[in-house]
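Residue numbers (the working numbering), protein chains in the order written: chain A, 17 to 401; chain S, 416 to 683; chain R, 24 to 278.
Some hints could be false.
In the BS3-like style, the derived pairs of lysine-lysine whose C-alpha atoms are separated by at most 27 Å in a straight line are [unchecked claim]: (1) 20/A x 425/S; (2) 164/A x 238/A; (3) 119/R x 597/S.
Derived by calculation from the structure, the hints in this document are not laboratory data.
This is what each chain is made of:
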Amino acid sequence: MLSKNMIVVAVVAVLVIASVGVILLVETEDKDPQINILAQVNSEGSAIFVSGEINSLEDFGGKIFATPGPDSIQHMMLMNYITEETDYDFRAAPGEGVEKSDDVVYWTQVGPVQMKDFLEDGTIQGGIAWEPYNSQIVAEVDGAWIYKWSDELIEAHPCCVLAVNSEFEQNNPETVERFVAAHVVATAWIMETVQDNTSANYSYMVDIGSKFAFGDNSTEDKEVTKDSLSHVAFDYAITDAWKSSLEDVVDTYATLGLFEKDPESLGYDTNEEFVDTIVNTTYLENAANVSEADEADELLDVRVGWLAGDIHQLARLVAMDENIGAGLGYGDRSIFEAFGLNIIGGDGNPYANGGVVMDAFFSDDIDIGYLGAPPAILRTVNAMA
Amino acid sequence: MMPLRYDPDKKLHQFARVLGITIVSLSLLVLVWWMIALLIDIPYLPTPVRVYDAFWRLMEFGDVATGLTMGEHVQSSLQRFAGGFAIAFAIAVPLGLAMGYSQTTEEFSNPIIEVIRPIAPMAWAPLFILSMGALLGPMMVVFIGVFFPVLSNTIFGVKKIDPYMVDAARTLGANNLQVFYKVMFPCTVPFIMNGIKIGLGIGWMCIVAAEMIIAFGGGVGYFILTQSQIGNWSNVFVGLFLVSALGILTTGLADRVHRIVVRRVGME
Amino acid sequence: MNESLSIKNLEKVFKTEDDEVVAIADFNLDVKKGELVSLLGPSGCGKTTILRMVAGLLEPSSGDVVVAGNKVSGPGSDRGMVFQEFALFPWRSVRKNIEFGLELSGVPKAEREQRANEYLEMVGLERFADARIHELSGGMKQRVGIARALANDPEVLLMDEPFGALDAQTRNIMQKELLKIIKRTEKTILFVTHSVDEAVFLSDRIVVLTKRPGSIKEIIEVPWPRPRDRASPEVTEMRKSILDELEKENVMNDD
Chain A
17 MLSKNMIVVA VVAVLVIASV GVILLVETED KDPQINILAQ VNSEGSAIFV SGEINSLEDF
77 GGKIFATPGP DSIQHMMLMN YITEETDYDF RAAPGEGVEK SDDVVYWTQV GPVQMKDFLE
137 DGTIQGGIAW EPYNSQIVAE VDGAWIYKWS DELIEAHPCC VLAVNSEFEQ NNPETVERFV
197 AAHVVATAWI METVQDNTSA NYSYMVDIGS KFAFGDNSTE DKEVTKDSLS HVAFDYAITD
257 AWKSSLEDVV DTYATLGLFE KDPESLGYDT NEEFVDTIVN TTYLENAANV SEADEADELL
317 DVRVGWLAGD IHQLARLVAM DENIGAGLGY GDRSIFEAFG LNIIGGDGNP YANGGVVMDA
377 FFSDDIDIGY LGAPPAILRT VNAMA
Chain S
416 MMPLRYDPDK KLHQFARVLG ITIVSLSLLV LVWWMIALLI DIPYLPTPVR VYDAFWRLME
476 FGDVATGLTM GEHVQSSLQR FAGGFAIAFA IAVPLGLAMG YSQTTEEFSN PIIEVIRPIA
536 PMAWAPLFIL SMGALLGPMM VVFIGVFFPV LSNTIFGVKK IDPYMVDAAR TLGANNLQVF
596 YKVMFPCTVP FIMNGIKIGL GIGWMCIVAA EMIIAFGGGV GYFILTQSQI GNWSNVFVGL
656 FLVSALGILT TGLADRVHRI VVRRVGME
Chain R
24 MNESLSIKNL EKVFKTEDDE VVAIADFNLD VKKGELVSLL GPSGCGKTTI LRMVAGLLEP
84 SSGDVVVAGN KVSGPGSDRG MVFQEFALFP WRSVRKNIEF GLELSGVPKA EREQRANEYL
144 EMVGLERFAD ARIHELSGGM KQRVGIARAL ANDPEVLLMD EPFGALDAQT RNIMQKELLK
204 IIKRTEKTIL FVTHSVDEAV FLSDRIVVLT KRPGSIKEII EVPWPRPRDR ASPEVTEMRK
264 SILDELEKEN VMNDD
């Protein structure tokens, strides 16, 4: 007769044996990166802004700076700048009433949309954000000025990239191919248009950019948008120089200790090797050969994620615009449609920051995303630990 | 040779038994966790080994992402928690005693309380945090969480007072005030303590959740959030264990206090 | 004057939703100093109601309670009470229970301790001075109850079926203990019971009450010295006659 105690003991024994068995026998496979990087979207376009009460680096001590979050490229740039180029410590801001040290620069997480308000009410004394928010803040907040643009912080720092879910890429190479081709066309259009700011195309670009960033296209907003655009470098190319700047990002994170296991502990000989693994240039190299899709053909669905109000990702906006597509001779189709793609916004789109875009990749809500290179790298590496 | 047998009457044996079973039970948990982590192999569920390593790394280097040490995080959380608890206790107990004692007070206070009670503590969090800041905000969220259980249990305790005890006190010459603090209060103490235990559990949950929406000041909830953002799930699990340990500590503390208070009240 | 307690024209009317219930109608009683008077009657006759009005725990609808020449209203330490359910304070030790009344009146610690020891010894609980209430048997608990009430030195001791919660043997023992205590303290006691045997064993006088509305049916003098032999013919005879009276009371008021 089975007593209650015996049943408990039996269940426990089974669980113990099963667990120990699994622990001893199952070998964890090395994980593949969740995403691959297909193309550049832009570089530059971030800046450290400060309020009127800060006149120079000496005034940074004891002040609070806003960043979009510890997983953002901006945070990394600020952290890197403060820890490498200054004598300050870099720490999260304490609550009110706690004495702040003049030897420390403090940070707090704020969405770029709210940074202006926080600066105005004195909660923060500076911050780092992506365009157009830096330009907007210095235009609209009394006394605020740009301390450094991102190209002064890190030369040619990589900003946004086009990334694809690795599994999706393996199963849908044709869709990916078309997407990259469309991206190249759109980015090339932008690169040409910014060169002539009197052209009708330029005005149109400022118009749609303004509406996307501010929800509005008032004259002030458009002026701000123009300022922003002058500080962003749009390009799609993946050069060796650019790849080496990605390696710098990996190095920075490794040095700052933000990886649970850095690439070398994961089995890569160098950070360079890791970057080589996640950057896939084949689609970019083949982009010129991809031809328009037939108007009669069915469009291929692709779920896309992007950041809210981020002017860096103008290329996507351009590629989705029907007027620009018409101007390029695609009939009444946008560039994406011309390449046979139907863009579906992922669940929860647009996302607050790069980390959230990565979350969407992990939960398989999106196939392709526009996000900052640093969060892409940080979250990918940490998921491989 | 005397064989070693379990004697349920000996305190030492009892203690050893409880300790032994606890160790076996928790070890089993770790083993099963380990097994599942290996089998389903997703970034969100690290193995116990990784969490263990992460813990020691955090102890040595602190929380690199925020620049705060784990000790500072814990301190922030405990400060907010203790503050919120103290305020809740200071208001709920006297109010509960008054409401239990006086029907008018109860009738007057009831509508106010029943209107506020259904609002979950976390629903207040954004309002409190934005208006009162990163220290008082979460503290007040804890306050809401602790207040209602302590209040309800105190009122219940007063109603459960044996009326004969009150009669006895009166026939021994006690005036109203003396009846209140020499009889009613001691009678309600076990109920108050029960309310406290419940309140502590809720309050602790509130503090972690509230800290996830603050922008300043560190804290264990804040730590868990930032580590989720950078995707270091091993650290997140360390955070979870920390929350658990602190919760157990505070409840254990409540138990101690319970025993001390009961003893002291009897000595009066 | 040698009246400890004087109850004059005591009346209690309970108002219900549609009716008025007269619980006690015109109750009068004088209790001499050192007397033990029992209130005896069928259930619902209001004997506890009378006791509580004397204690001041219940307000009479009309009438007065006079203790040692003073009219009283509300409870006070001059009328100590012992309860059927003991009503001890479980968070206090035996000693601390006994000291309770003395604490209330601000008696200094040393004197409190001394008085408590006196009464502990009187009820035979010296060895249990620091015990917790829940460790005691029923009989022991009631000893504490009696000691607690007596330590406060009330003018009158009111006892509300104090041995009702005890088993028959313990009850008999406690009755004998009570006699010993009375001998030592000579307290005036108003004793409520529904046990005829107990009333005859303990009382100087027995007040037999009618059914509701309660008033005095008869007052019986019990002349014999204590302790009395329960089996003796006089005691047995008195017990029988009272029981008969009570039975009649029940039968007569059966509606």
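| field | Enumerated hints in conflict with the structure, sorted upward | value | none
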